[in-house]
Amino acid sequence: MRYMLLIYGEEAQQDDATGGASDDAPEISPPWLEYTSWLLREGIHTAGERLATSSSATTVRVRDGNRLVTDGPFTETKEVLGGYYIIECDNLDEALEAAARCPAAASGSVEVRPIIGMPVPESVPANAAG
Amino acid sequence: MTTAGPIAETNAAIELAYREAYGSVLATLIRFLGGDFDAAEEALADAFATALETWPRDGIPATPAAWLTTAARNHALDRIRRDRRHAEKLVLLERELADTEVAPMQLGTEGGLTDDRLRLIFTCCHPALPLDARVALTLRTLGGLTTPEIARAFLVPETTLAQRLVRAKRKIRQARIPYRVPFGEELPERLDSVLATLYLVFNEGYLASAGDTAVRHELCAEAIRLAALVADLMPERPETHGLLALLLLQDSRREARVGPDGSIALLDDQDRTRWDRAEIERGLAALDRGFAAAARLSHASVGRYLLQAAIAAEHARTLDGSPTDWQAVATLYQALTRIDPSPIVELNRAVAVAQAEGPAVGLALLDDLAARGELAGYRLLPAARADLLRRLGRLPEAAAEYELALSLSDNDAERRFLRRRLAETRS
Chain A
51 MRYMLLIYGE
61 EAQQDDATGG
71 ASDDAPEISP
81 PWLEYTSWLL
91 REGIHTAGER
101 LATSSSATTV
111 RVRDGNRLVT
121 DGPFTETKEV
131 LGGYYIIECD
141 NLDEALEAAA
151 RCPAAASGSV
161 EVRPIIGMPV
171 PESVPANAAG
Chain B
40 MTTAGPIAET
50 NAAIELAYRE
60 AYGSVLATLI
70 RFLGGDFDAA
80 EEALADAFAT
90 ALETWPRDGI
100 PATPAAWLTT
110 AARNHALDRI
120 RRDRRHAEKL
130 VLLERELADT
140 EVAPMQLGTE
150 GGLTDDRLRL
160 IFTCCHPALP
170 LDARVALTLR
180 TLGGLTTPEI
190 ARAFLVPETT
200 LAQRLVRAKR
210 KIRQARIPYR
220 VPFGEELPER
230 LDSVLATLYL
240 VFNEGYLASA
250 GDTAVRHELC
260 AEAIRLAALV
270 ADLMPERPET
280 HGLLALLLLQ
290 DSRREARVGP
300 DGSIALLDDQ
310 DRTRWDRAEI
320 ERGLAALDRG
330 FAAAARLSHA
340 SVGRYLLQAA
350 IAAEHARTLD
360 GSPTDWQAVA
370 TLYQALTRID
380 PSPIVELNRA
390 VAVAQAEGPA
400 VGLALLDDLA
410 ARGELAGYRL
420 LPAARADLLR
430 RLGRLPEAAA
440 EYELALSLSD
450 NDAERRFLRR
460 RLAETRS
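Respectively, the protein sequence lines represent chains A and B.
In this text, residue positions in the first sequence follow our numbering: the first is 51, and each later residue adds one.
In this text, residue positions in the second sequence follow our numbering: the first is 40, and each later residue adds one.
Note that these hints are calculated values from the structure, not bench results.
These numbers were taken from a predicted model, which means no experiment stands behind them.
Backbone N, C-alpha and C define an ideal beta-carbon position, used for all residues, glycine too.
Calculated from the model, a selection of chain B residues having no Cβ within reach of chain A, i.e. all distances over 10 Å: (1) 59; (2) 194; (3) 330.
Facing chain B, according to a computed beta carbon distance under 8 Å, are these residues of chain A, among others: (4) 51; (5) 141; (6) 142; (7) 143; (8) 164.
Listed next, with one range per pair, are the computed distances between beta-carbon atoms: (9) 449/B - 136/A: 44 to 52 Å; (10) 52/A - 336/B: 36 to 44 Å; (11) 155/A - 170/B: 19 to 27 Å; (12) 170/B - 102/A: 31 to 39 Å; (13) 97/B - 170/A: 49 to 57 Å; (14) 172/A - 120/B: 26 to 34 Å; (15) 157/A - 223/B: 19 to 27 Å; (16) 77/B - 140/A: 18 to 26 Å; (17) 413/B - 61/A: 29 to 37 Å; (18) 118/A - 381/B: 43 to 51 Å; (19) 335/B - 157/A: 37 to 45 Å; (20) 81/A - 219/B: 24 to 32 Å.
So that you can see chain A by itself, here it is in the shape it has in the complex (with noise of 0.2 Å):
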């Protein structure tokens, strides 16, 4: 079974774990280096990656057809989703250990959600209009 954790935690933290908010040379301090070194040491590393911080972000709705656009991220609360891990373990107590372990559960929080995946389609055909 494949879980998600969600990092959230207050934006200056964020930025002080990571070395400040730098656009495109991400430094891992090293709790992070840490804790992804061990997630892939127990095998259950799938995926994970850092995002840059919700000043940055753009949510897009549609309504009726018409195409919303705002500035920044959907919630207005203090923590913000800062980046995610997908890990592949056993069962939920297992997920529950690895999220513990996260260096944003002792300042911020970890959600753990299971994956339930999404089918892709097996061809894809060309787009007409494309």
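Got chain A; can you put chain B on it based on the hints?
Chain B alone, transformed into the frame defined by chain A:
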């Protein structure tokens, strides 16, 4: 098989099997079916239906639990066979069945089933489930209470409760909450969750004044039965005995708690001859086992339940006519404030200190507590202050506090008690 008895006898046997074995048989079935609660419940319902048909004819089986387990397993396999989409699952289950086939007699014995019940209770009380769902799921699966019974006990509509159960089972399936007993570092937190759930079930039956008395009594009895089970299965954990002792000692005072006019009788005013001696004996024995288990563990393992049970035991020991050792009670509350630094525990400690060292000393503690404002709006704070002011002869102040407490209470029995006291301060 015994000889076939009359219908009434078999019906009684089926009812007994339901009460005594529902949870344990279901627990085994859930494991057999790879954690599928719904399939296990269906299969067990089928097995009981079969029992209603065959027991009057063939006689009551020697070990009803083993018979029901085997019958339910067969029903589950039949259902899967009928549903061709589950062909793969069937192969796996039949292989497992062949591997683990045990004599029916053995299935019914405690040893074979205890682990499954423990697995079931830890799964039902998993902290990933909301508290109200833990309670409902524990009562439905381990307790074998029906959905309408649980809904009545918690004064919620049946549909709400049914939804709660559906969502909880869906989360167990989707998030893959494992069907296992936790160990190591995980165990203390998880055991806490189990004990807290059982305590909540008990309190729902014990404290609330509304609702059907018989159903509420059933909740208390069920909480005690499950607490005894957990203490039996995890005897090395002191708090399992602590919770059992606490529940038994509180329950022993049930009959004396409500006066003839329906008002709540305070400990001091209770007719102690109405305390249940047998429950007190069982409670004190559980308390001893708890402290013995704590002594065997190297670290500080006396937790909140053992301490609360020890406090209840101090009161229970007055049954032989000796006065309450309030100094001991105050000391136990002091220890409890270190584990559970809640203002409510401090309130209780102040009341005990007032008994041990006089109302003036207790009132000073309560005034400190009131000044901190954490208990603003909590009816028992003015009620306790009123009592101490009354005993100090400061009657107008006492009356004002009784009035405040009255305005905050919505419990009929409690309001009757407060009104009576208010009238006394004014006479």
